Amino acid sequence: MTKTLLIGLDGATFTVLQPMLDGTCDEGVVMPFLADMIKGGYSATLRSTNHPLTPPAWTSVCTGRTPGHHGIYDFVRFEDMGDEMFFTLYDARDIRTETLWHVAGREDKTVVSLNFPMMAPPEKVNGSLVPGFVSWKHLRRNTYPDTLFDRIAAIEGFDPKELSWDFERESQIGEAMPDDELYSWVANHLPRDKQWYNIGHALLSEDNPDLFALMLDGTDKIQHQAWHVLDPEIWDTDVPESRRKVRALVVEYFRQVDGYLAGLHAAAGDDCHMVIVSDHGFTGSDKVVRVNKYLESLGYLKYRSHDGSDAAKRRDMANFANLDWETSRAFCPTPSSNGIVIRKQSTKNPNGVAEDEYEWFRDKLIADLLAMTDPDTGEKVITQVLKREDAFPGEAMENAPDLTLILCDHGFVSVRNLEPQVVTRPTPIGTHHPDGIFIMSGPGVAAKRGDEMSIVDTTAIVSHAMGMDIPEEFEGSVPGDLYTAEWLKDHPVQVAGHTDAQAAPKASSNDEEEISDDQREEMLAQLRLLGYLED
Amino acid sequence: MNKDSIQDQVISTLKDFITDWGLDADITPSTTLVEYLEFDSIDVIQFTVELEKTFGNRKLGFQELLMKDGRYVDDLSVSEFAVFLIGKLATA
Numbered sequence: 001m002t003k004t005l006l007i008g009l010d011g012a013t014f015t016v017l018q019p020m021l022d023g024t025c026d027e028g029v030v031m032p033f034l035a036d037m038i039k040g041g042y043s044a045t046l047r048s049t050n051h052p053l054t055p056p057a058w059t060s061v062c063t064g065r066t067p068g069h070h071g072i073y074d075f076v077r078f079e080d081m082g083d084e085m086f087f088t089l090y091d092a093r094d095i096r097t098e099t100l101w102h103v104a105g106r107e108d109k110t111v112v113s114l115n116f117p118m119m120a121p122p123e124k125v126n127g128s129l130v131p132g133f134v135s136w137k138h139l140r141r142n143t144y145p146d147t148l149f150d151r152i153a154a155i156e157g158f159d160p161k162e163l164s165w166d167f168e169r170e171s172q173i174g175e176a177m178p179d180d181e182l183y184s185w186v187a188n189h190l191p192r193d194k195q196w197y198n199i200g201h202a203l204l205s206e207d208n209p210d211l212f213a214l215m216l217d218g219t220d221k222i223q224h225q226a227w228h229v230l231d232p233e234i235w236d237t238d239v240p241e242s243r244r245k246v247r248a249l250v251v252e253y254f255r256q257v258d259g260y261l262a263g264l265h266a267a268a269g270d271d272c273h274m275v276i277v278s279d280h281g282f283t284g285s286d287k288v289v290r291v292n293k294y295l296e297s298l299g300y301l302k303y304r305s306h307d308g309s310d311a312a313k314r315r316d317m318a319n320f321a322n323l324d325w326e327t328s329r330a331f332c333p334t335p336s337s338n339g340i341v342i343r344k345q346s347t348k349n350p351n352g353v354a355e356d357e358y359e360w361f362r363d364k365l366i367a368d369l370l371a372m373t374d375p376d377t378g379e380k381v382i383t384q385v386l387k388r389e390d391a392f393p394g395e396a397m398e399n400a401p402d403l404t405l406i407l408c409d410h411g412f413v414s415v416r417n418l419e420p421q422v423v424t425r426p427t428p429i430g431t432h433h434p435d436g437i438f439i440m441s442g443p444g445v446a447a448k449r450g451d452e453m454s455i456v457d458t459t460a461i462v463s464h465a466m467g468m469d470i471p472e473e474f475e476g477s478v479p480g481d482l483y484t485a486e487w488l489k490d491h492p493v494q495v496a497g498h499t500d501a502q503a504a505p506k507a508s509s510n511d512e513e514e515i516s517d518d519q520r521e522e523m524l525a526q527l528r529l530l531g532y533l534e535d
Numbered sequence: 001m002n003k004d005s006i007q008d009q010v011i012s013t014l015k016d017f018i019t020d021w022g023l024d025a026d027i028t029p030s031t032t033l034v035e036y037l038e039f040d041s042i043d044v045i046q047f048t049v050e051l052e053k054t055f056g057n058r059k060l061g062f063q064e065l066l067m068k069d070g071r072y073v074d075d076l077s078v079s080e081f082a083v084f085l086i087g088k089l090a091t092a
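One line per chain: the protein sequences are A and B, in this order.
In this text, residue positions in the first sequence follow our numbering: the first is 1, and each later residue adds one.
In this text, residue positions in the second sequence follow our numbering: the first is 1, and each later residue adds one.
Only chain A is shown next, with the shape it has when bound in the complex:
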């Protein structure tokens, strides 16, 4: 039987879950399985990566390393060409450390890994792997082994379009939606997680892998768009019927998720260890902070001028810095990064910041950022600015933004060329919060609420639960009170052995120092798809 289940619920937070677990919300107990699991098991707040974002955070879960080591910081990375900035997508080939799936395989453990981001193109694993965030048209080519797609296609009700990543739909996150549109948008997400559950249940039941790992991301998408109907601090039943209908659907989603958790646990058996984690938590954000517009006002950057055409206007509106690269010296590349990049002087970029100027320039930039206020309230909108070496220490640090911003309401910044620089939304949207969830049940697990844990603890815990030693490079640990003393005596935590850097996905990828024209064209095509670039 499968020993260990690792279930990811993207963006899950006790803020939203607690009323559904203890029955204090209007709907009563919505998630009885999860409630029982917490009652009889261990739970704690799980602190995300220093910038709580899906790609770095799930990669931390999958590798047991922090972003400064595994090298993934955002959905999008860029190459500074001096007079042009080429944006492309991070993928598995950018991960610099060995994944848990591969470590487990070296120990002859079998693995099923489903829907984790940054896992495409898939590596060879001792089992099965279907990456997340892959368009349905390219799912077959991105599953491992190559016979897996036909196998899952034979599952009753399988629909690759329902299952996979819809770039167009997900790019709508953050857009204000009337209730009927929001209802449809939420409704489109329910079948997706059901498809992943069906595949997961089939592979778990048929293959009995030593480690079964599945990530469901409907929680994140729905909380982004429908936070105002979920946040117990905001939700009020005295709203139009259309709004109550949205709430009912969202609650139904969580009810279904509880059913999936119960189904997977039943398929694995009572003697399994079940670990449920989120990559980050959630909270409400009502500030729009146009940080590049602020930096423009201080002379750090210039927006690219345009001819007023529709194409130029659409490019300006893309979630993607569209700047005059010959003159801009510091900028935020993407809203998801909350990062500020300082452009270094080079032969390609003679106007960049010289090496001996860097410290002074950065200190001034930090002071300027911390001075940004909401002109209506005088409130500071940026409460913390993290230096790269503090936020992302490690051998992969050089690809991280020079600075990472934490906003007053944990929101993501805007990079758009719009005024005013700060706007207050009439209705909060959901944004990421550092505090995610850790829940675990199974043999020997103590029934208690523990102290705050780190996201990288997850990987150490799962390794140990599988009966493996924890490699020395794993940065997390097993909390001393996670298990009963009696159980630990027979199952001691051993830190021994090493991960294999040569087994990292990046080590086996064909990495050229210069971007070829072919690569550049491929990047441009990908970015057009995302609406980041115009013809």
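Hint data in this document are derived by calculation from the structure and do not stem from the laboratory.
One thing to keep in mind: the hints can contain errors.
Said to hold, decoys possible - Ranges of calculated distance between the beta carbons of each label pair, as one might list FRET restraints:
1. D40(B) - E181(A): 22 to 28 Å
2. I155(A) - D40(B): 22 to 28 Å
3. D24(B) - P191(A): 20 to 26 Å
4. T327(A) - D40(B): 33 to 39 Å
5. S79(B) - E395(A): 46 to 52 Å
6. V49(B) - G40(A): 48 to 54 Å
7. D8(B) - P191(A): 34 to 40 Å
8. E181(A) - D16(B): 36 to 42 Å
9. D40(B) - D159(A): 18 to 24 Å
10. P145(A) - A90(B): 34 to 40 Å
11. P145(A) - G22(B): 22 to 28 Å
12. G308(A) - D16(B): 42 to 48 Å
As the list claims (entries may be wrong) - Far from chain A, some chain B residues (derived; all Cβ distances over 10 Å):
13. S5
14. Q7
15. D8
16. L14
17. T19
18. D26
19. I27
20. S30
21. T32
22. V34
23. Q46
24. L51
25. E80
26. G87
27. L89
Keep in mind that this is a model prediction, so the values were computed, not measured.
By construction, the Cβ of each residue, glycine as well, lies at the ideal position given by its N, Cα and C atoms.
Got chain A sorted already, so can you dock chain B onto it with the hints?
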């Protein structure tokens, strides 16, 4: 490799490529990717990667076919891909 076999291989690669798309499409030399098969830009790029695998696992400079005067072309047909490949493979 002659012209006919190159065109046949383009058609065969394309048929494999769209296997899971649920299209009931008859692929001929005049079949267009965007208008007839509803390719988007990432699909076109992925298809060129598949063609590069088919024809010897090497870069074939498809950007010369996909872009004209600094802009992406609106659409391409199977025969246009075949003609391009014939030229490229002849000079390889």
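Results for each hint:
no.: 1; hint: D40(B) - E181(A): 22 to 28 Å; result: holds, 23 Å
no.: 2; hint: I155(A) - D40(B): 22 to 28 Å; result: holds, 27 Å
no.: 3; hint: D24(B) - P191(A): 20 to 26 Å; result: holds, 24 Å
no.: 4; hint: T327(A) - D40(B): 33 to 39 Å; result: holds, 34 Å
no.: 5; hint: S79(B) - E395(A): 46 to 52 Å; result: holds, 50 Å
no.: 6; hint: V49(B) - G40(A): 48 to 54 Å; result: holds, 50 Å
no.: 7; hint: D8(B) - P191(A): 34 to 40 Å; result: holds, 39 Å
no.: 8; hint: E181(A) - D16(B): 36 to 42 Å; result: holds, 38 Å
no.: 9; hint: D40(B) - D159(A): 18 to 24 Å; result: holds, 19 Å
no.: 10; hint: P145(A) - A90(B): 34 to 40 Å; result: holds, 37 Å
no.: 11; hint: P145(A) - G22(B): 22 to 28 Å; result: holds, 23 Å
no.: 12; hint: G308(A) - D16(B): 42 to 48 Å; result: holds, 45 Å
no.: 13; hint: S5; result: holds, 24 Å
no.: 14; hint: Q7; result: holds, 23 Å
no.: 15; hint: D8; result: holds, 22 Å
no.: 16; hint: L14; result: holds, 13 Å
no.: 17; hint: T19; result: violated, 7 Å
no.: 18; hint: D26; result: holds, 19 Å
no.: 19; hint: I27; result: holds, 16 Å
no.: 20; hint: S30; result: holds, 22 Å
no.: 21; hint: T32; result: holds, 17 Å
no.: 22; hint: V34; result: holds, 13 Å
no.: 23; hint: Q46; result: violated, 6 Å
no.: 24; hint: L51; result: holds, 12 Å
no.: 25; hint: E80; result: holds, 17 Å
no.: 26; hint: G87; result: holds, 17 Å
no.: 27; hint: L89; result: holds, 17 Å
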